[in-house]
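Colleague: Chains as they are written, first to last, in numbering that gives the first Met the number 0: chain A, 0 to 219; chain B, 0 to 286.
There could be a bad hint or two in this list.
To be verified - As a list, the in silico EDC-like pairs of lysine to aspartate or glutamate whose alpha-carbon atoms are at most 16 Å apart:
#	chain 1	residue 1	chain 2	residue 2
1	A	Lys130	A	Asp184
2	B	Lys57	A	Asp150
3	B	Lys43	A	Glu133
To be verified - On the chain A side, residues computed to face chain B include the following (Cβ under 8 Å):
#	residue
4	Ile123
5	Gln134
6	Ala188
7	Leu191
Source of the hints: derived by calculation from the structure; they are not laboratory data. C-beta atoms are modelled at their ideal positions from N, C-alpha and C, and glycine is treated no differently.
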Amino acid sequence: MSFFPFLNRSRVRQDTFEDDVLSHVDSLFATALRMTRSQADAEDLVQDTLVKAVRGRALFEDGTNLKAWLFKILTNTFINRYRRGSLEREIISGADARPLSDGWMSAASMRQMCDAESQAFRPIIEKEVNKALEQLPDEFRIPVLLSDVEDFSYREISEIMGCPIGTVMSRLYRGRRLLQIALHDHALAMGLVKGEAVREDESNMVNLESYRTRKQGVGG
Amino acid sequence: MTHVTCRDLARSLSAFVDGELDPTLALELQLHIDGCEACEARVKFARASRTSVRNAVKSTKASDSFRLRVATTVAQAAEAEKHGDIMVSSGLLSWKIAGPLAAAAAFVLVWASASKLQERNLDKTTSSSPSTSQASMIPVDTLVDTLVDQHANPLPPETSSPSEIAQFDRFIGVPIRTVPERGFQGQGHLLGARMVPLQEQRAAMFQYVMGNGRRISMYIYNPQKIRLSNSPILREIPVRNNAGPVYVGCVRGYSVAVTDRRGVGYAMASDLDESESSRLLLAVGDH
Chain A
0 MSFFPFLNRS RVRQDTFEDD VLSHVDSLFA TALRMTRSQA DAEDLVQDTL
50 VKAVRGRALF EDGTNLKAWL FKILTNTFIN RYRRGSLERE IISGADARPL
100 SDGWMSAASM RQMCDAESQA FRPIIEKEVN KALEQLPDEF RIPVLLSDVE
150 DFSYREISEI MGCPIGTVMS RLYRGRRLLQ IALHDHALAM GLVKGEAVRE
200 DESNMVNLES YRTRKQGVGG
Chain B
0 MTHVTCRDLA RSLSAFVDGE LDPTLALELQ LHIDGCEACE ARVKFARASR
50 TSVRNAVKST KASDSFRLRV ATTVAQAAEA EKHGDIMVSS GLLSWKIAGP
100 LAAAAAFVLV WASASKLQER NLDKTTSSSP STSQASMIPV DTLVDTLVDQ
150 HANPLPPETS SPSEIAQFDR FIGVPIRTVP ERGFQGQGHL LGARMVPLQE
200 QRAAMFQYVM GNGRRISMYI YNPQKIRLSN SPILREIPVR NNAGPVYVGC
250 VRGYSVAVTD RRGVGYAMAS DLDESESSRL LLAVGDH
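Looking at chain A on its own, in the form it has when it is part of the complex (with noise of 0.2 Å):
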């Protein structure tokens, strides 16, 4: 028994789903903030997802992931929207081309990177992630912002994004190689790391085709 019983009275019972869709507002604010680097332009985003949610709700299967289909309207949404239908590739040169082997930093690095106790980063490098992130090319950013923040699948990646699980692990991979290298410079020029050269003998030590070979072997 409510104790405001009005409440309920004036309140119909379809609204579970309005308010189901409601309360992933943050986590799609804090992902449309990433893609649109604007603030008002990210909240229309949402708006605008929300809103094509609610008008289109009988597509949603009840008992599916509401936050995967809301991801997907988001996505599909800006992509429509800001990136003319697609995501196009973006061409990397300068820095970030360089070779996205794990060789390419020693494991003492990593440990002066990390915090022990948050198990993250160090708080100094941390405070660069933003901006590491929004130097990333969307194609590359979307999938790590939907696998590290929001923790889907690739599976479900796959199916925000429209494209193969295969190319979501190698745009993950990118993805967070070219991240890790831009946080490991601020860390070279605040002196926590020493400069080491990329290891070439480990360049070729990650072949996404012999990886997902070996996967789908593993898998069957």
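Starting from the structure of chain A, add chain B where the hints point.
Modeller: Chain B only, in chain A's frame:
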């Protein structure tokens, strides 16, 4: 148990940290990590990267004023949806969104009065039916405009490999095997294909160049999800073989032709004239 090396970990690091690995392999890797300081550092670093990105982004909250605005807008949209009424009367919507919504409202009026509204779209007011229209989410003339935009300012194709194009099937929900790979009736050639978003759905877009330099963009989509033929911009033209109607129109100098064949939607935006493009489109459908 197989012997796991640092190289194995490097290959699977992302998937390991994301919890996407087969549990047996994950366990083997964990055993290796427990005994290898360098790999332990790699895993900690990858986890720290995840956590720091999450920390940095999660600290962002929507402002209270926005929260209030969006709650009002959502309530209005829900109310309008319940009454089958999409007129937006409040100034609470931002201009960016009010424009398209007003256009949508105007369009639905035109659409309804043209009595092209199909049975299943009419039960929107009762709203419990799972078949409630999604075609009304974006006005169809805006959709036709989008096709023309994508043709006028084409993005480069994602692929021209037939095996990769075949992969598009499961994202667009209809088979795309009937696309001419070598151009239309021996004229012109296929530059490549890409997936494009259309009305919360995906369509495959094929780009061709004809011998005379004219370009054709052909779209394949699920016509149950994307209803282009309802557009008031397009007019129906008679077809010789009762194969189903073809709709054609002209938008900003480009011709548009739309048809359904065996449950697959085909649309074409091109530099050709209307009769030429509808003729080629029919050839594709009959392919």
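Colleague: With reference to the structure, classify each hint as holding or not holding.
Modeller: Each hint tested on the structure:
Pair hint A/Lys130 plus A/Asp184 holds up; C-alpha atoms about 13 Å apart against a cutoff of 16 Å. For the suggested pair B/Lys57 and A/Asp150, the alpha carbons sit about 12 Å apart, so the restraint of at most 16 Å is met. Restraint check for B/Lys43 and A/Glu133: the C-alpha separation of about 24 Å exceeds 16 Å, so the hint is violated. With a cut of 8 Å, the hint placing A/Ile123 at the interface with chain B is violated, because the nearest CB-to-CB distance is about 11 Å.
Given the 8 Å rule on beta carbons, the hint for A/Gln134 is violated: about 13 Å separates it from the nearest Cβ of chain B. Checking A/Ala188 against chain B: minimum C-beta separation of about 17 Å lies over 8 Å; hint violated. Checking A/Leu191 against chain B: minimum C-beta separation of about 13 Å lies over 8 Å; hint violated.
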